[in-house]
Amino acid sequence: DGGITQSPKYLFRKEGQNVTLSCEQNLNHDAMYWYRQDPGQGLRLIYYSQIVNDFQKGDIAEGYSVSREKKESFPLTVTSAQKNPTAFYLCASIQGSGNQPQHFGDGTRLSIL
Amino acid sequence: GQSLEQPSEVTAVEGAIVQINCTYQTSGFYGLSWYQQHDGGAPTFLSYNALDGLEETGRFSSFLSRSDSYGYLLLQELQMKDSASYFCAARMDSSYKLIFGSGTRLLVRP
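Read top to bottom, the protein sequences are chains A and B.
Residue 7 is where the first sequence starts when you use my numbering, and the numbers rise one by one after that.
Residue 232 is where the second sequence starts when you use my numbering, and the numbers rise one by one after that.
Derived by calculation from the structure, the hints in this document are not laboratory data.
A hint or two may mislead.
[Claimed, not checked] Incomplete in silico selection of chain B near chain A, CB under 7 angstroms:
#	residue
1	F260
2	A273
3	G284
4	F291
5	F294
6	A315
7	S333
[Unchecked claim] No more than 25 angstroms apart at the CA atoms, straight line, and that leaves these computed lysine to aspartate or glutamate pairs for DMTMM-like:
#	chain 1	residue 1	chain 2	residue 2
8	A	K77	B	E236
9	A	K89	A	D65
10	A	K63	B	E286
11	B	K312	A	D112
12	A	K63	B	E245
13	B	K312	A	D44
[To be verified] Now the stretches of chain B that chain A is said to cover, found in silico as 3 or more residues with beta-carbon under 8 angstroms:
#	stretch
14	275–283
15	317–331
Since the model is a prediction, treat every value here as computed from it, not as a measurement.
C-beta atoms are modelled at their ideal positions from N, C-alpha and C, and glycine is treated no differently.
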């Protein structure tokens, strides 16, 4: 079945450490997105990519970095510059034409050790 | 700035009808989406309105009025499994970026 796979499901970060969250999709979607969700809040856009080798900052990009070397992969690195990284991180993708919905992965829950 | 406003919490009885409103303020607007999210889970798509009017999908319907910058999600014949958070999300431009509201927590009581 086609879908979006995020890993790991749970991740713990030590002070000063960079961690990378994986997002892979086999839907052949052009565009991919990373969101952050804090408890009881909506989703806020971190980064997005509409094509391979290109990506744009969202509303809360500081302390995060991404790459899009392959169409199916859009990893997110939470750097040590992100002082409050504890949140639920969601990856999404969309075909990029017509009235298509965004498809979401199951998320990664990141906590500070 | 860009913002979407929706009520934080709604409670309804099993079998009833509930309406969740969403008003938006965005610099551009292509359409309004609705997503459902159960605790600990990922959002799942419910509906999308690009044009004014009502879209019906089974027990769920969604309405949009572009002139009023307003939309709503209507849930009929409520079931206990409908207890979840519901988010409206505005698509602002051709990039398919979405701006999400902070969500409405729906509690369905027996």
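Numbered hints the structure breaks, given as an ascending list: 1, 3, 4, 5, 6, 8, 10 and 12
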